[in-house]
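With the sequences and hints as input, model every part of the structure.
Chains as they are written, first to last, in the UniProt record's numbering: chain D, 1 to 239; chain P, 1 to 239.
Worth flagging that the hints you see were computed from the coordinates, not collected in a lab. Among these hints, one or two may not hold up.
Note that the list lumps identical chains together, so a pair holds whenever it fits in one copy or between two copies.
[Claimed, not checked] In silico BS3-like links for lysine-lysine, alpha-carbon gap of 30 Å or less:
hint	residue 1	residue 2
1	236	105
2	105	197
3	236	218
4	105	232
5	197	91
6	218	232
7	197	236
Protein chains: 2
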Amino acid sequence: MDKEPHISQRFDEELQGVHELVLTMAGVVEEQFANAMVALQHQDSELANEIISRDAVVNGYEVRIEEECIGILARRQPAAGDLRLVMTLIKTIADLERIGDKAAKIANMVLSMGHGSQAIHANFLRDVHAMGEYALRMLREAMDALARADADAAIRIARGDEELNQEYRGATRRLVTYMMEDPRTITAAIDALFIAKAVERVGDHARNVCEYVIYLAKGRNVRHIPLEQVAKDLQKGAS
Amino acid sequence: MDKEPHISQRFDEELQGVHELVLTMAGVVEEQFANAMVALQHQDSELANEIISRDAVVNGYEVRIEEECIGILARRQPAAGDLRLVMTLIKTIADLERIGDKAAKIANMVLSMGHGSQAIHANFLRDVHAMGEYALRMLREAMDALARADADAAIRIARGDEELNQEYRGATRRLVTYMMEDPRTITAAIDALFIAKAVERVGDHARNVCEYVIYLAKGRNVRHIPLEQVAKDLQKGAS
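Here you go:
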């Protein structure tokens, strides 16, 4: 019996350790994405190159954390809430890694746009700046909700994704208008279109993390269920 | 002692059952994607509607299989190869679900393109048809490699993704040319661009499954490692 608390304490420490590693990875990914937005606004190819080379760091975190999670599953055989936490972390790092990819992709486009970049309309830069700020806030808040296993916050943040999607649709409509008015802008506008899409996808990944947080806190898989209904169900469960 | 084989046999059956369920889900997803390509070629809105409503079936498989996998982790506490198999299946269904999303997305575009659809250049339809065939073959072969845990096949299939990416780049270049030549095609060409992108992404997901198969068969996480090197390393390991 007297070994129990010791084993369980070490287990808790292991779980805590990998949880913290995920939050560290999230910090690196947030910075990568924020930098990609800056590189885009200022056509800063030095910063863009830095982001691209730092993507390997993000990938390294993903591989290391996944190995640690599988190690915990094999050695500790967690159940109930502990198992849900490990599953949540495994899924979260896959989304974080993909956000890192988006940052690197945007950085790559900053480099490849080169001379054509002046053709990027100032209005588009304003659009994508606002979208980037919004996506970054979603990501930060989602990771906060994960750190606190806060399902209510997660629902609220996930709902914000619809607003980002609307921004995206507006931005693409405006880009199409520029292209039609001046076909010389077509190539630059298509790059811009894919940049806007990448930013919109960051919001989707943040929303995914929110869904894992609801699963972690409530034990319910809410993927593919409208958020409206999830909020109602959780309220019913709480009362 | 005599309970061991019984427990282990039931465990094997559980694993086998969930493995088969994944292959069934893959069959549904393959059909969804193949149908999306047909709906696009023939501007068939009835088929498109069918694909969209059937996406819920794909999502249902994802939720059910994930629950079964987590149940196996909790009850059976698998180790080594069994644990790798469960992790591989959990990851695979996430990619399959996303391929299902791409099929539904293409079907949605078939519907929304409406009257403008005649503006889609016959050359683009030829391009995307060839890309779709290629992506579908990659997906089928990847699921085959998974069923046989065949790492060599997985490497070969994953390498094919580069060819699909080249096809995609060629198709987008041609689309940009049409847009420049005739700005009236811009809206339709942008729809076409996103359809081509969705098909290209199906190849990425098939490639992901190949990476999980290598992990399953060899116990090595090969994500973020060039395939050239993976092939060399595995050959060395085998000799």
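Enumerated hints in conflict with the structure, sorted upward: When the structure is compared with the hints, numbers 1, 7 turn out to be violated.
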